[in-house]
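There are 2 protein chains.
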Amino acid sequence: MKTVRIGLAGFGTVGSAVYRNLNREADLILERTGILPEITAIAVRNPRKSRPGGHFPSALVVRQPRDLVKRDDVDIIVEVMGGCTTARDLIFAALRAHKPVVTANKALLAEHGRAIFGESNRLNVPIYFEASVAGGIPIIQSLRQGLVANRFHLIYGIVNGTCNYILTKMSEENLPFEEVLREAQALGYAEADPSFDIDGVDAAHKAAILASLAHGGCVDFHQVHMEGIRNVSSIDVQFGHLLGYEIKLLAIIRWQSENKVEVRVHPTLIPRTNRLAATRGVTNAIVVRGHVVGDIKLSGPGAGGDATSSAILSNIVEAATHLHSSSDDRSPAYLCAKGPEVVPISNVVSRYYLRLSVADRPGVMAQISSILGKAHIGISSVIQPEGHEGKVVPLIFMIHDARFDAMNQALKHIQNLQCVKAKPVMLRVESFES
Amino acid sequence: MKTVRIGLAGFGTVGSAVYRNLNREADLILERTGILPEITAIAVRNPRKSRPGGHFPSALVVRQPRDLVKRDDVDIIVEVMGGCTTARDLIFAALRAHKPVVTANKALLAEHGRAIFGESNRLNVPIYFEASVAGGIPIIQSLRQGLVANRFHLIYGIVNGTCNYILTKMSEENLPFEEVLREAQALGYAEADPSFDIDGVDAAHKAAILASLAHGGCVDFHQVHMEGIRNVSSIDVQFGHLLGYEIKLLAIIRWQSENKVEVRVHPTLIPRTNRLAATRGVTNAIVVRGHVVGDIKLSGPGAGGDATSSAILSNIVEAATHLHSSSDDRSPAYLCAKGPEVVPISNVVSRYYLRLSVADRPGVMAQISSILGKAHIGISSVIQPEGHEGKVVPLIFMIHDARFDAMNQALKHIQNLQCVKAKPVMLRVESFES
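Chains V and F supply the protein sequences, listed in that same order.
With the working numbering applied, the first sequence covers 2 to 435.
With the working numbering applied, the second sequence covers 2 to 435.
Rather than coming from a laboratory, the hints here were simulated on the basis of the structure.
Among the clues, some could well be false.
[Said to hold, decoys possible] Heads up, simulated DSSO-like pairs for lysine-lysine below, C-alpha to C-alpha not over 27 angstroms straight-line:
no., chain 1, residue 1, chain 2, residue 2
1, V, K298, F, K170
2, F, K298, V, K298
3, F, K392, F, K339
4, F, K71, F, K50
Input sequences plus hints: build the corresponding full structure.
The structure is reproduced here in structure tokens:
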């Protein structure tokens, strides 16, 4: 039996679940691994706050997160505070004290990964972050270990439960975005300020982490092209159905060639036969295309205290195993020295769904298709759906593979046409065929 | 850089894929892990056989698998020969020589697991077997590591691609079993002697391994209740659709209470909304219900040389990391000292689909329902589908939770009724709601 003593920083939804589940399952973990995890100190902002999630002995409380690092009875640091300032300081202090770190902090890793993993590599002190992407789903471990012999030609996934909840409701109940958002807020699936989720920031953090891990470098959050779901309207969801598609907010990491990778987050039309089309509600799902193994899909709860703490407990065992081992053969999480080049979004090629609101008169189609033709943008189908007769009618183009900059250029011309009566809607279409 | 020298036993579909992919991806593995894998010796039955899968230098060939163990230039043994005699001897020899083992041999582990894992534990020499269940899907690693803090209340999955291919075809194209089986044989998805797959033997091997791993003991293959798909007829597939179900061959491992577990393989009606209902063709898919994390699903290619070799290469890295580490903290694969008690199938409770062929005359329903009623078996619905008028008509009962022995007893009485004109068909129904 080997005891591992944990300093826990943060006691919110995730922190309290880690505390509760660790204490409840310590014997199970001991039986399975020979390691007995024990929380010996906790840093909380306000020790007197009432905590429905669980209570803890006040003797464990320290004033400052950094105090955890200084204590002799703390072997590893579990950071579940969130935020990028105190958490960053804590992690650097822990690494420099040669104490392994377990963190769920996707924002921090996506925005300061280069510095943090650089320090981790330099000092040979590991940092574990299974909980930072897709909650309880063991995607990080699968990329690092289970699929280690694979180049990851494609990774795509639903990694934000809030957005998927909203899009599922819009799709199944034909409701407008704003109404579903309000409902999600009432149910606690969306924050009072929902922008972090619905503008794609959270998904882009996760995309940056997955891209870095998959391609051996540090892809920075600011290199990720990001579009949220605010502009997805229920009319597009319905037209999508008509054409055989569902709209999902996807994180997409596509390897183009040696050292070039697309990393993007945006609403995407995917065929209803795609493996992610039926992923409902707050569930997360990720498809990994390995060049040896083929397509592997992992799905499950991507958030919540319990699911996230399952990942953190697994990382605690990894960290403890590392501590009790003389080996330095752990694969580094990121190889910061080099890394892939992120393709600018303007150069990224995809298919498009384009919905225009146009005057219902002859010659309109000719004007628009002429602009697309001159830009060498191929139309794969055009639909003017029935039931929308009036002065202004919807006109939907499905566009063959086109570069984003070419599409943008053509769109500028199109929206200047007199016959075009509203801002065009442009959504990417992906089928992810191998 | 640390080199790990591998003795490869077997050069069939899997062995040749391991050789090819390992040589092709050795640099990638080195870059990611610091470990350079190298195959230094190969045992093949017939070195002169022509091998479309790949060639290897004849200098590497040894005569007998056990010769691999004796060589100084072999650090770990990769066993992909299959079979239970020579493979067993090889693995014991390797363990005793303190050489870690990587194997894909599910039959061997399911039938001789107690002895093999006992020896592995006693000598503290690890054996890795990711490829033994669901090919390239990292299910073993997820159970052992990523979900280590979870008790596995339920594991269910499609773990035999051949059966799922046949059932998918039967469902989608309304074809009879025999015809689809012949087609699968022509395409190479089923063996000339298909009994190993279609009678559930292969799935039961995998169920035994998963049950042992999940519940910390050695569940023997012979304790697994096993029914294959030979008796699934297309009429039952169609009636299943009518009722909202798909029929899948599932491996089910359900934890009842402390130390009691159901381990069974049988065709199962699952609701079309279940997460496995849409798993098509040769794809494998497994749902793991962890008491902390909730339901996690993993799916992907469950067979084939490349997918399987992806898992084996991952295990080679694990084995190499172990070799270069002083640690003995690796979680043991099986805790052989104790383990769960497998519940006899007669005591297992489930719902049932019961199809009778009965004479089309008054009083039949009363006779049958009286037998069920006396046995305290509750009927949840009865359907006499239209379009089957004649002297003999189908009559379908959906049965509430009932013990298997009670169902069997009642069925004996029912089939003795004069009005029952053919052997009744009884299939289990599961919805796996949490």
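- Task: Quick one: which hint numbers does this structure break? Sort them smallest to largest.
- Result: 3
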